[in-house]
Amino acid sequence: MRLGGFLLLLSGWGIVVAALLLLHGGALSAFILAGLAVEILGLALVAKSHVAVSEDNG
Amino acid sequence: MTAGTTESTSLLCLAFILLVPFAIAGLALINTGLGRSRSAAHAMTSSLCVVSVAVLVYFAIGFAIQGPHGSPSHALQLGRKSFDWIGTDGFFFRGVRFDGSMPSLVVLLGLFSTGLTSLIPLGAAAERWRLGAACTSTLLTAGWTLPLFAHWAWNGWLIQLSANAGLGSGFIDAGGSGVIQVTGGLTALSLAWQLGPRRGKYSSNSMPAAIPAHNEVFVLFGCMLAWIGWLGLNSAGAILYAGLPAETPVLAVSNTTLSATASALTAAGMTRVRFRKPDASLIANGWMAGLVASSAGCAALKPATAILTGLIAGALVILAIEFLEFTLKVDDPCGSISVHAIAGIWGLLAVGIFTGVQGQFVAQLVGVATLLGFVLPMTYGLNWVLGSFISHRVSPEGERQGMDLHELGADAYPEFVVHTDEFTQR
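Read top to bottom, the protein sequences are chains A and B. In case it helps, numbering that gives the first Met the number 0 puts the first sequence at residues 0 to 57. In case it helps, numbering that gives the first Met the number 0 puts the second sequence at residues 0 to 425.
Errors might be hidden in some of the hints.
Quick list of simulated restraints, FRET-style, between CB atoms [what the hints assert, rightly or not]:
id : chain 1 : residue 1 : chain 2 : residue 2 : range
1  : A       : Ser48     : B       : Gly99     : 45 to 55 Å
2  : A       : Gly3      : B       : Ala409    : 23 to 33 Å
3  : A       : Ser48     : B       : Trp84     : 46 to 56 Å
4  : B       : Pro395    : A       : His23     : 53 to 63 Å
5  : B       : Val216    : A       : Ala17     : 50 to 60 Å
6  : A       : Ser10     : B       : Pro413    : 49 to 59 Å
7  : B       : Ser7      : A       : Gly3      : 50 to 60 Å
These are calculated hints, taken from the structure and not from any lab test. Glycine included, each C-beta is placed from N, C-alpha and C at the ideal position.
Next up, chain B with everything else stripped away, as it sits in the complex:
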């Protein structure tokens, strides 16, 4: 690659990275819109606060644990195989040269993707998770859980599965279906379990109450913003984490869009058939599931298989939301667990199924097994320990009052004060 080509690739990559904050803004709007009006300002304030915490913690320690590609790291030497498991250098961005080079762009994408991950648990824990607890939990996610798995998937032993175990091209997760989405989704699941359902969500005979979104326009506009952000996330990830050539983003952009559109239409069709009318919230969840599922294989799938990935993601997310709410009694107000964890896992598996490379499916299975068998117990355990020092959940009185008034002292919509328990089962 000539110097001119490298420079133009860096500029293109920088442009893609600068789109990623749109995904953060979109997800924040979706989380806010899907909640009740009495907690709307709290949802947006929490989003800003946890993104701030995540970015600062990533600066202090997260980046060093993740380690940029090719930087020094600790490796376990077992026989003739080397298992690279944690980065060693770069605390407080020490040694990083902000010169527009590829390693400096990895820093920038890492900052934004950590911010994005930190928002995912807010959706599942909405309307009952204290702001202070959310910020403290984000310290753990952004400072340890996410960077560690990011190191394994993008620089460490998971991507080395090709050399060490002869499994396809190693674990493929260019846009972060596993690293960003499933890690966030499993943290969301841990918190939804530990917090328990919102007051009034389940009746005495365990039937869930429908608690409608307070602003569908926020939700749907958030989906549009997230689309722009995901185009940047997947394209930049394809160049920086998968090491693919500069022309690859054309395929990544195309696959991301095809997957999201197929997934949204599947969700629309399914809700039309099941409920007689298309459901706006579930279509939004379908759209997001398509984006999430597209990330892993954005640069590895063919357009037709990206559509198939989206079709299945759209169906899967609708079924998963119902299964979690009705069967497992998990109260996830924004569908974050289904959208990010389940669609993310499907995205990882889809790469193994559709690329047709021998051993690739097994490599993807190893990544999924690591997420379920290591990341989930770790994030659950960390939040459980945290919960024994500080209370995750707001008091029953605070929950009844609404998070806006209780935690912030002011409503998001003061001229429309209605605080009844209209959606509380009696």
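In isolation and in its complexed conformation, chain A is listed as follows:
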């Protein structure tokens, strides 16, 4: 889950960078928002994987 989360974080950033290279105008903004949404999903996964570890330690 943690590795998947980090991959999503990097993929989201990849979408943002690709959008900057290839798009402009409204499409650019939409893809940047989409990339950020993927990153937030990745961040949630990473955070959830660490909650599980903390509860194990508790």
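Go by the hints and put chain B onto chain A.
Relative to the frame of chain A, chain B by itself:
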């Protein structure tokens, strides 16, 4: 600009830069005061050591990676667009002329801001992070993570978003909400995750124990010192990194103060409503969050929007501290992640929302996406690799004994030895 004007601007800028160490001193006091007395000397010693490491590493390689404005750098040429991504020159300050010129002032501000960034993870990893591991981790932060993002934000492709993608004025981060604060805050988050909570912080049913600050006076006095430091940091950043005219600091100083005061009062009000009495530690966190959030747009926001930025930062930091502690089970003794990462991100977004320039919000989003999608995995990965060579965390016995005795061999307050486990859940 005449020679006389340039000289007076340089002197003014130098005066602002010389205030920045107050921010370092303030943050060190806050980190020390918010921890337990058994680790107080360790917190202050760690602060001095990591600042020393950060400054020396910045001298050796960090400055070259960051690269001063207008210096040679590597750029990726994609189509007709140029994406400047890393500096190439200036290892060991080679070629820098210490003549009071603007590039030499960038060196000085870079030294201090690297020191400030290096202190942020200490707050989140307090009372369980070994001194040697903290110094080694700082090597990576000050030598690679921070300078690379600093280059992108202040000289490289992020600030060029205006020319390359038509996004507002490019990524705006004059005082370093993103470069200094969020980078430090995300490193703090990575370390808090990897270290895990302090012994006794969570009970067997995952409820967090309150571990009170050992010296609120340190914390609140640290806030006052940090205020002075931030006035210098934001004003010097506005001149050197945002390239704004010499009269701009008047606005930067005003916005910094308005944001911090609004944020502290919001935190005071929220804690008064929620806990019946204002909470000193959380008010201090609110104050710091206001300073952090003010940095990005210190010279771009109007005073009224700076107040609004502070109001939201104050509320956000209280909610974020609770969310991290209760829901995500992240043990952050000093609230560093909420204050520096979350309030910093809010500061970056506030510039996009309140300046009203078309495309500015999207430019700020690109910066935030880079911090979350690139800087966080990188700093986590670097510290994870480091952790496979040396242990980040002190032994359970050392943690029980206290970091002062275990790592330094002497207490901060030897005449008040009480080492019980009074705040450990059983």
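Here is what the structure says about each hint:
1. Ser48/A / Gly99/B: 45 to 55 Å: This hint holds: roughly 51 Å between Cβ atoms.
2. Gly3/A / Ala409/B: 23 to 33 Å: 46 Å, violated
3. Ser48/A / Trp84/B: 46 to 56 Å: 30 Å, violated
4. Pro395/B / His23/A: 53 to 63 Å: 56 Å, holds
5. Val216/B / Ala17/A: 50 to 60 Å: 52 Å, holds
6. Ser10/A / Pro413/B: 49 to 59 Å: About 53 Å separates the Cβ atoms of Ser10/A and Pro413/B, which means 49 to 59 Å holds.
7. Ser7/B / Gly3/A: 50 to 60 Å: 56 Å, holds
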